[in-house]
Every structure is written in structure tokens, then in C-alpha cells.
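Enquirer: Order-wise, the sequence lines are chains A and H. Numbering (my numbering) for the first sequence: 1 to 216. Numbering (my numbering) for the second sequence: 1 to 152.
Be careful, since some hints might not be right.
Label-pair ranges, simulated between beta-carbon atoms [to be verified]:
| no. | chain 1 | residue 1 | chain 2 | residue 2 | range |
| --- | --- | --- | --- | --- | --- |
| 1 | A | P130 | H | E45 | 30 to 36 Å |
| 2 | A | I186 | H | L102 | 18 to 24 Å |
| 3 | A | I186 | H | F106 | 41 to 47 Å |
| 4 | A | R34 | H | L102 | 28 to 34 Å |
| 5 | H | A29 | A | T48 | 53 to 59 Å |
| 6 | H | T104 | A | I84 | 37 to 43 Å |
| 7 | H | V36 | A | V55 | 43 to 49 Å |
| 8 | A | A152 | H | A112 | 15 to 21 Å |
Looking from chain H toward chain A, a few residues come up when the C-beta cut is under 10 Å (computed) [to be verified]:
| no. | residue |
| --- | --- |
| 9 | L28 |
| 10 | T84 |
| 11 | A88 |
| 12 | Y101 |
| 13 | T111 |
With the C-beta cut set under 7 Å, the calculated list includes, among others, these residues of chain A facing chain H [to be verified]:
| no. | residue |
| --- | --- |
| 14 | W71 |
| 15 | H122 |
| 16 | R126 |
| 17 | L143 |
| 18 | F154 |
| 19 | G173 |
| 20 | V178 |
Bear in mind the hints are in silico, worked out from the structure with no lab data behind them. Just so we're clear, the structure is a prediction, and the values are computed from it rather than from any experiment. We put the beta carbon where it would ideally sit given N, CA and C, even for glycine.
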Amino acid sequence: MSLLKNIKGDSIFTLITRGLQIVLVALIGYGVLRGTASLAVNGMLALTLTLVPTVLGWRFDYEVDPRLVIWITVAALFHVVGFIGLYNIQSGLLSWYDQVAHAISASFVAGAGYAVIVALDHSSARVHFPEEFRFIFTLCFILAFGVAWEIAEFTVGGLASMLGSKAVLTQYGTDDIVSDLVFNTIAAIFIAIWGTTYFRSITAIVSRRFFRTGKP
Amino acid sequence: MVVAVIAIALVPPILSHRFTEMIAWEVLALAAVPVVARSFNMLIEPSTYLSVATLALIVAVELNAFTSVEMTSGFAVVFIVIITMAIAGLWTIAQFVSDIYLGTTFLAGQTAVMWSLVIATGVGVLAGIIFEFYFRRLSPSNELSYDAWSDI
Chain A
1 MSLLKNIKGD
11 SIFTLITRGL
21 QIVLVALIGY
31 GVLRGTASLA
41 VNGMLALTLT
51 LVPTVLGWRF
61 DYEVDPRLVI
71 WITVAALFHV
81 VGFIGLYNIQ
91 SGLLSWYDQV
101 AHAISASFVA
111 GAGYAVIVAL
121 DHSSARVHFP
131 EEFRFIFTLC
141 FILAFGVAWE
151 IAEFTVGGLA
161 SMLGSKAVLT
171 QYGTDDIVSD
181 LVFNTIAAIF
191 IAIWGTTYFR
201 SITAIVSRRF
211 FRTGKP
Chain H
1 MVVAVIAIAL
11 VPPILSHRFT
21 EMIAWEVLAL
31 AAVPVVARSF
41 NMLIEPSTYL
51 SVATLALIVA
61 VELNAFTSVE
71 MTSGFAVVFI
81 VIITMAIAGL
91 WTIAQFVSDI
101 YLGTTFLAGQ
111 TAVMWSLVIA
121 TGVGVLAGII
131 FEFYFRRLSP
141 SNELSYDAWS
151 DI
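Only chain A is shown next, with the shape it has when bound in the complex (with noise of 0.2 Å):
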């Protein structure tokens, strides 16, 4: 009983947030056992940026909104599930996971993003990001980042095609590209809205306009 008292609130979403990191872990384990590269080394990328929050957590001293920290851990274990063998699926009912799990795992880099530049906001007196910079900034990361990704996709294609062996990242075309980096920025839109008071004022304004009330 003492154990169900102590976790509330906060704790709860941190339980499932390890919960779900272990699932992670299991799915590592289970691409290494297996032979899938793939699998294994996106496991390991994913796993590593669920754990973001928690380094910011020890280096800055601030903590980041757990809801946050289940969101990215979500769209993280969202994007690994892929690689058992769903993003090969190109018709039938799981044919859109591809770019839905391409949404989902941009806005876990866009989560990670804000709040990295929260946490710097918040742990240093010299900078100082308002609202509207945070959200503009999350909006270019989110950009930056699927270059980056596309830029990483490449070189290992390249590089597998020159060690005559398979990919661990593959790249369909042009149109893959740019679907991508489309995908990528919808969630970024989506993540920097829900992530900054644009949100809140918004909600205030429609509010007032509907219901009528005093307080916003």
C-alpha cells in the first residue's frame, strides 16, 4: 500500500516511461538475437534520445513535464516497432504506418528539441527565449534535424552500396525525401503549437469567443 502511495502524480508517468524504455530494451535485444542491424542500431538511437530528459534532468537541474518524456519515449517506440517489418508494408491495412510512425517520430525529435530549449532557457540567466522564439526554433530543429536524418540515410546507403552490403537506413526516391521532410514539419507545427503558450492564448481566445466566460 505504502508502494501505491508514494506513486502519484509525476511518478506514475515516470513508471510508464521506464516501462516503455524497457520495452525498448527488450526490442534491441531482440534485433541483436535476431541478426536485424536495423532494428538494433535505431533501437539504441531511439532509446538514447528517451533518455535526454533525464541527462537534463541531472546536468541542468530542471525537470522536464513528464508528459513530455512519455510522448517522445511513445513516438520513440513507435518508430523502432517499424523495423520488425511494418515500414515494408506497402498495401493493405498497415500501408500508412510508414509516414504516420514518420510523424510520430519527428515530433519525439521536436519534443526533445523544445525541451532542450527550455531547459536552457530556464537554467542560465544569459539567454533568454520567448514564446514565439521558442517556436520558431522548434520549427527549424525539427527541419535541421530531417536533413540531418536524409543526410544520414545517404551515407549509409552509400556506404553499403561500396561494402556490397544491406542498408541499415534506405532512401525510396525523391519523393520519399521530400514526403519525409513534409511529414517532418506537419509534426513539428503540431509539437511546437501543443509545446508553447500559443497554445493557451489560443484556447483563451476561443474560449471567450464561445463560451463566454470572464476569465480566460
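Guided by the hints, dock chain H onto chain A, whose structure is given.
Expert: Structure of chain H alone, referenced to chain A:
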């Protein structure tokens, strides 16, 4: 591009109401490089992204000076690299859309697209490094502070 350079260069004198308030000439000259390169028809792509990076630097300095945004020089460098890469990404999307709906042929295949993204990133990183050294060595009185990144 020319319009963008001129517009951003005019922000300080307008906002400060002093005609002598100006971006350092070296920086503006760098931003104008692609205009020259284009007229000689050489190194168009790298010089364009050099200009984008320089414009990002100017925007960073102006944000720091004229708005409530405060950043350190280390962060400014990261900001410049990120903006340059983001613009390259947006530019690729814009070209793709134009190719489909306006019948243009800007994008010459996957490899060409990837190489221009690589060039943009390379130039962005290079520009970031150059600016960092420029801040530190040549202009110690610059508005941005230098050792700040280390104390974050």
C-alpha cells in the same frame, strides 16, 4: 536574395533611429557573395548557402540586440547551422512542389537532391565555425558574449 540582404541590413538603422548603426561590413559582404558568384556563374550552390548562413547570423545578432531574445555566441552558432539546414529542407520541398504543379525541373534526381542538402549542411557548419572564430578573435567588443556557452 538581394532584397533579403538589403532588408535585413536596414533593420538596425531603422530600429535604432541612427543612420550610423550598421551591421559590420565584412558580414554584409559575405551575405552578398552569391550575387557576385551568380554573375560569374560559379559555385552558385555553396555560395548561396553561405549567404543563407550569414543572413542567419545577422538575424541572430539583431534578435539579440532588438528583441527580448538573449543568446550566447555558442548558441548563435548552433542557431545558424540549424537555420541553414532548415532553409535547405524547405527549399527542397518548394522545388519539389514547383516541379509537380508548375512543370519545372529543379530537382534532378535523388542523388542531386542529397548532394545539395550535404553542401548546405557543410557550408552551414563551416560558416558556424568561422563566425565563432571571428567573434572571438577579431571583434571582442561584439554584443554577443563569448565564454557564455561554457557556463550553461
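Enquirer: Indicate, hint by hint, whether the structure satisfies it.
Expert: A quick look at each hint next to the structure:
For P130/A paired with E45/H, a C-beta distance near 34 Å keeps the hint of 30 to 36 Å intact. Separation of I186/A from L102/H is about 22 Å and conforms to the stated range, judged on CB atoms against 18 to 24 Å. Distance hint for I186/A and F106/H: a CB-CB separation of about 22 Å, inconsistent with the stated range 41 to 47 Å. Checked against the hint of 28 to 34 Å, the pair R34/A and L102/H fails, with Cβ atoms roughly 47 Å apart.
For A29/H paired with T48/A, a C-beta distance near 41 Å fails the hint of 53 to 59 Å. A C-beta distance of roughly 40 Å is found between T104/H and I84/A, which places it inside the suggested range of 37 to 43 Å. Distance hint check: the CB atoms of V36/H and V55/A are about 45 Å apart, consistent with the given range 43 to 49 Å. Range check, A152/A to A112/H: about 18 Å between beta-carbon atoms, so the 15 to 21 Å window is met.
With 10 Å as the threshold, the beta carbon of L28/H stays out of range of chain A, its nearest partner Cβ sitting at about 23 Å, so the hint is violated. Proximity of T84/H to chain A holds as hinted, the smallest CB-CB distance being about 8 Å (cut-off 10 Å). The restraint placing A88/H at the interface with chain A holds, with a minimum CB-CB distance near 6 Å, inside the 10 Å limit. For Y101/H, the interface hint is violated, the least distance from its beta-carbon to any beta-carbon of chain A being 13 Å, above 10 Å.
Evaluation of the T111/H hint against chain A yields a held restraint, the C-beta minimum of about 8 Å falling below 10 Å. For the restraint placing W71/A at the interface with chain H, the shortest Cβ-Cβ distance is roughly 22 Å, beyond the 7 Å limit, so the hint is violated. With its C-beta approaching chain H no nearer than about 11 Å, H122/A sits outside the 7 Å limit, and its interface hint is violated. Taking 7 Å as the C-beta cut-off, the interface hint given for R126/A holds, the closest approach to chain H being about 5 Å.
Because the beta carbon of L143/A sits about 4 Å from the nearest beta carbon in chain H, less than 7 Å, this interface hint is met. A least Cβ separation of about 4 Å between F154/A and chain H falls short of the 7 Å threshold, and the interface hint therefore holds. The beta carbon of G173/A is positioned within 7 Å of a beta carbon in chain H (closest approach about 5 Å), and the interface hint is therefore held. Hint status for V178/A relative to chain H: holds, with the closest Cβ pair at about 4 Å, below 7 Å.
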